[in-house]
Amino acid sequence: MLLASLPFYPLVSFLLLIVFGKKLSWQLAAIISVSSMALTVLVSVILLFELSVSQNQVMTVNLWHWFDLTNQLATSEVNIRFYLDGLSAVMISVVTGVGFLIHLFAAIYMKADVNFSRFMAYMNLFIVAMLILVLADNLVLLYLGWEGVGLCSFLLIGFWYQEKSNVLAARKAFIVTRIGDTSMAIGLLLLFNTFGEFNIATVTTLAQQANNIAAGPSAEQANNIYWIALLLLGGAVGKSAQLPLQTWLPDAMAGPTPVSALIHAATMVTAGVYLIARMHGIFLLAPEVMNYVAWLGALTLLLAGVAALAQTDIKRVLAYSTMSQIGYMMLALGAGAWSAGVFHLMTHAFFKALLFLTAGAVIYALHHQQNLFKMGDLWKKLPFESSLFVVGLICLMALPGTSGFFSKEAIIAQLWSSNTAGPLLWWCAILGALLTSIYSCRLFFLAFLGTARFTKKTHSEKSTLLRSTLIVLALLSLFGGLIPLDLSLVFSALNERPLAQLDEPSWLHSIAIITPFIGILFSWFYFKHYRTAPIKGTEHDIQPSDSKLVVFCRQGLGFDALYNALLVKPYQWLAAVNKYDIFDQIIMLNAWYVSLWHEALLLVQNGSLRWYLAAFGLAIILLLGVSFL
Amino acid sequence: MTTIPLFHVLILSSLLFVIGFIGVVARKNTLFILMSLEIMLNAVGVAFIGAGSVWQQADGQVMFILILTLAAVEAAVGLALLIRMQKKYRSLDIDLLNQMKG
Amino acid sequence: MTLTVIMLALLMAGALAWRTEKYWQGSAKWLALISLALLATVFAVFVMSHEIKPNDGFAHLQVLSRVDWIKTFNIQYSIAIDQLSIVLIALTWLLGIICVLVSWHEIQRHVGFYYFNLLLTIAGIIGVFVAVDMFLFFFFWEVMLLPMTAIIAIWGHEKRQFAALKFFIFTQVSSLLMLVAIIATGYFHLLQTGQLSFYYLDWLLLDIPLEISQYLMLGFFIAFAVKLPSVPVHSWLPDAHTQAPTAGSVLLAGVLLKTGAYGLIRFVIFLFPQASEQFAPIAATLAVVSIVYGAKMAFAQQDFKRLVAYSSISHMGFVMLALFAFNSNAYQGAIVTMVAHGLSSAALFAMAGMIYQRIHSRDLADMGGFWQSAPRMGGFALAFAGAAFGLPGLANFIGEFVSLVGVFQVMPEFAIIAAFGLIGSAIYGMVLFQSSFQGTPKRDIIDLQSRELIICGSLLLTLLAIGLYPTLLLKFSFGV
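Residue numbers (this note's numbering), protein chains in the order written: chain A, 30 to 658; chain B, 1052 to 1153; chain C, 7 to 486.
Read the hints as simulated data drawn from the structure, not as lab findings.
Owing to the predicted nature of the structure, the values given are computational and were not obtained by experimental measurement.
Note that the Cβ used here is the ideal one computed from N, Cα and C, for glycine as well.
Mixed in with the good hints there might be a few duds.
Between beta-carbon pairs, the in silico distance windows are [claimed, not checked]:
| no. | chain 1 | residue 1 | chain 2 | residue 2 | range |
| --- | --- | --- | --- | --- | --- |
| 1 | C | Met18 | A | Ser624 | 39 to 45 Å |
| 2 | A | Thr487 | C | Leu478 | 56 to 62 Å |
| 3 | B | Ile1134 | C | Val179 | 50 to 56 Å |
With the sequences and hints as input, model every part of the structure.
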């Protein structure tokens, strides 16, 4: 079966690269990894075609039996089994398509690195894990992929492990997402306890059935479903860097730029969105949690937007922007706009990958300079990269006609009247769009307009292959919105929901469309000093503001400090204060007591004959005295 | 002939014994310890003699002769050890011999 | 019969190794390796051939031999095996061979005597897994303890005497409690049936009132809890592990701790089901505390081996928690965890030994950046650390996940707290891996040699195989 073989092409490449390691020349390593990805793309195209002509638009394939679990009712099998439907099809096309392009880019971009083959091996391993994640037919297998991508993310963030800061960033990413994963694991336990099954399709059906019986789900079951949804959401916010577990993503930018593009923008961080979309059957039964999802998404998108406004590092701006765009996806999911959320996931993958890769090219051209305030006037120096960056930014800002426009509008349009969202969240989304356009303009002005604030000569990579990957991504970003995405079969449960009652005022759409332009107009004047050359005779440099508010925003609104004080420090303190194991010390008190007696008795046994004799005499006198008395 | 009361003999013997004992405990020099030991033995001997004369029996004197022999033997062994000690440690300080310390 | 021969052969091979080393240097390790491999094969053949028989294989205890030993007290030499013991003995063989391989160059003093002790320990462990007469069990329990103490005391690191003494006293005091419980149960058998008996299958038929059985159970429980080990009686383990030579740590973590878990299953839960069910809340609390406390303590350590030792406490907590959940998922999970932890902690200790041989330090502060010079070693270390923090795809994940599923059905609160151990394990796993292999290279070390590659490779392959295809293990129902 073709479907079963999908993750194995990158896996084989991973094994080859790991086993032969540094013995491989650059050419060979690049060919192995990129061609394995090409093969994966080819196979997934065939699969997409097969899927579209198949009857119920679902394909499954069983690889092998993993293990059995029993509960009070029955035994259920947990299998290594793949499941392909519309939703996973979107995901595999994004993962393999964007993944292939980024592999190609990385093969050239990372050429000079001594550990090139190791880098490509991790990238391949990441694709394997990601494919398993999106193809998993049950939640345990999904969890396998979920942890697998986490591990690869850890490895790639810490790829340049000789820098202490990279190591710490990798550790932080792994542990923070692990907190989410643990929440998800507990959710899985509860889910199995409630439904006796890990198979996603079966769980969805069971949940629907419980909901459809006349009496509705029992109070206990409803409560369980609420908690399951909440705990799964915990996993999703960890992986997708949403509030309150968002702190790892900006630091994750320590990894090489292709990694940021592939893992921390296009694919892995959207896994949380995928999880919620995949488990929509459960979430639909827990409207409160849907509401939380929407609010978390909205808060994250505002927070990240604000934080992005204050960044000085080009990659960190993009990281916060990613966070904020995933916030949009979460908002969409929370509002029940499933298809729109997944659609935005796809278009975001295109334009954010483009932005990151172009940023990578720019950083490379400037000799690894990432500071926006050390750039400027790149429009003239690097016209090719600049124009592609503009394409990415207009998609990000959702200017009409671009892919971002289609997906973001689709989300915003459904917010106002949704049961679980509403006008307030709609306004949040609009405000977010405004922030997006403002920080995009700021980024653009700082990096590409104004005066050049660097002295070294730029050296841009002129490889056709590298440039063509960027062009393909740019085309996808511009026209990806036209891809017909029909997920109605996957989200059919949606149709049963009662329709929204709220009336939509007529000005909604026009506001949503003009918001980005307002932002651009605002920035045009507000950031004037960024885009124009300074008046002769004044200072040449522009400096980032160091007012307290700006610094606060730059540091991610104090979350790091908060968690540091609340969690990290107490844990370290606890570890330090009990370094010698209180239980051990208590038990060793016995030994101490025994040795105390030992010492005391040793004093008596001093080996001096005269002392013995004196004691002897004293004892006799004492005894005589006692007997006389 | 006036008899000396046993009580006085015993006081003399006890005094001698205590003097000897204090000598053994307080003296560091092994030679003096040996001498003090002799005093203690003789103190016991005095007590035996006194007791023998009170009860008019020869046993007391027999015991004293026994003790005298014992003292001679002891002195011989003790002095021999003393010479060994002087050879080994170049000193007669008894506190050097504390190998039995636990 | 075959098993008896195997145990005796181990003893003889050990004695032979001791003698021959005096005349022919370097022969002891070969002798030990060959005899272990050979006897493992014999065991495998024996088990395979047995299972074809029409009866239900080893699903239940199969008594292999029963001979009178001390007639006055009706003590017999009786051994039996079932699937549980087969799995654990198989683990013992694998780790026994690994032990010989890791000591290949490490042991330079009293080489012959070392291998004698090693083989004697292995024989004792196998004896523990097969004995069904309680007196015999106690005998093997001691047989396994003494040479292990010698291994720590003679070939250990700087504070070896202290560690060996601590290990010995902890185990000895707790096993005396067990001896009291054994004699009391045997005496109870005398009261109830008119005959003294130490035979396990006889004991299973006993009907002990709860108020008596809870004390008997406690006697066994304490002995096994010390061996497992569980908080608060765990503190011998970090010292023993840290000070033992590599093979000692491997054997200690890999199999000796499992005898505690084995004892809990066979002699606490099966013998005193009611009493242990009543005791479950306390045991589960201890287990959960072990999980969280072990993970926390592991994070605080600066010593590579000590860190792994505390992580063992955390993992064995999972086993104990699962055992006291009394359902089939949890049992299966517990057994997979036992095997998985045996392999992964053995691997980490072997890794510690390899690093120690290169830099002569176990201090994490002396390590760092080894990935640069020893990429293969780094890859393996990452995989083993991954196994320790429950990376799916490796055996530990299956064990922990399946047991948590089982525990959650009965005691959800405990399962949730235990799940926090997953965060703790990620933290210490990161500390362990990152501070040794990442960061600025402090010095260059030699990458894995072929012997070490075999050790690491075989352990990793087994972990992967169980992680991806646990049916290998789970097809046994373990008498549940």
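Next item on the list: Just pull the numbers of the violated hints for me, sorted ascending.
Entry: Hints that this structure does not satisfy do not exist here, as all of them hold.
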